[in-house]
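Peer 1: Sequence:
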Amino acid sequence: MTHRYFPRNTSSKSKQHEVFRRQLQIAYDRRLPIVIHCREAEDDTIRILHEILPKNYTFHLHCFTGNWKSAQRWMKEFPSVFIGITNLVTFPSATATHEVAKKLPCDRLLLETDAPYFVPRV
27 MTHRYFPRNT SSKSKQHEVF RRQLQIAYDR RLPIVIHCRE AEDDTIRILH
77 EILPKNYTFH LHCFTGNWKS AQRWMKEFPS VFIGITNLVT FPSATATHEV
127 AKKLPCDRLL LETDAPYFVP RV
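27 is the number of the first residue of the sequence shown in our numbering; add one for each residue after it.
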């Protein structure tokens, strides 16, 4: 779910919330894996996840670009969450991502790519 403005994203927040709830319910009912992409919608995403999923439900928080405080919040709200860190960690300026990668428990960390959007710096 994204609340970030993109010219091609014409979906209202309420429509995104409605569709997100339906998708979560389908996945939960069928015990399917859930991958969450949350961009500038953390409060709403967490609130809706709590409406549908039990606190201990396992899911993947994809392409996490938040800070350590945000990562701690996700782990407190959902102790079984896996947090995906992208190639952004290779950028010298991505200090918040560096901190998350250093402090996140290894059993909650997923290394992933979001190519071509995050191409690693070498």
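No wet-lab data here; the hints were simulated from the structure. Be aware that a few hints might be false.
To be verified - With beta-carbon atoms standing in for the labels, derived distance ranges:
| # | residue 1 | residue 2 | range |
| --- | --- | --- | --- |
| 1 | Pro146 | Ser106 | 15 to 21 Å |
| 2 | Ile52 | Trp94 | 28 to 34 Å |
| 3 | Tyr143 | Lys95 | 35 to 41 Å |
As the list claims (entries may be wrong) - Each computed DSSO-like pair below joins lysine-lysine, with the alpha-carbon atoms no more than 27 Å apart:
| # | residue 1 | residue 2 |
| --- | --- | --- |
| 4 | Lys102 | Lys39 |
| 5 | Lys39 | Lys129 |
| 6 | Lys129 | Lys81 |
Keep in mind the model is a prediction, meaning the values are calculated, not measured. Here a beta-carbon is modelled for each residue, glycine too, at the ideal position from N, C-alpha and C.
Peer 1: Taking the numbered hints from earlier one at a time, note which ones the structure violates and give those numbers from smallest to largest.
Peer 2: 1, 3 and 5
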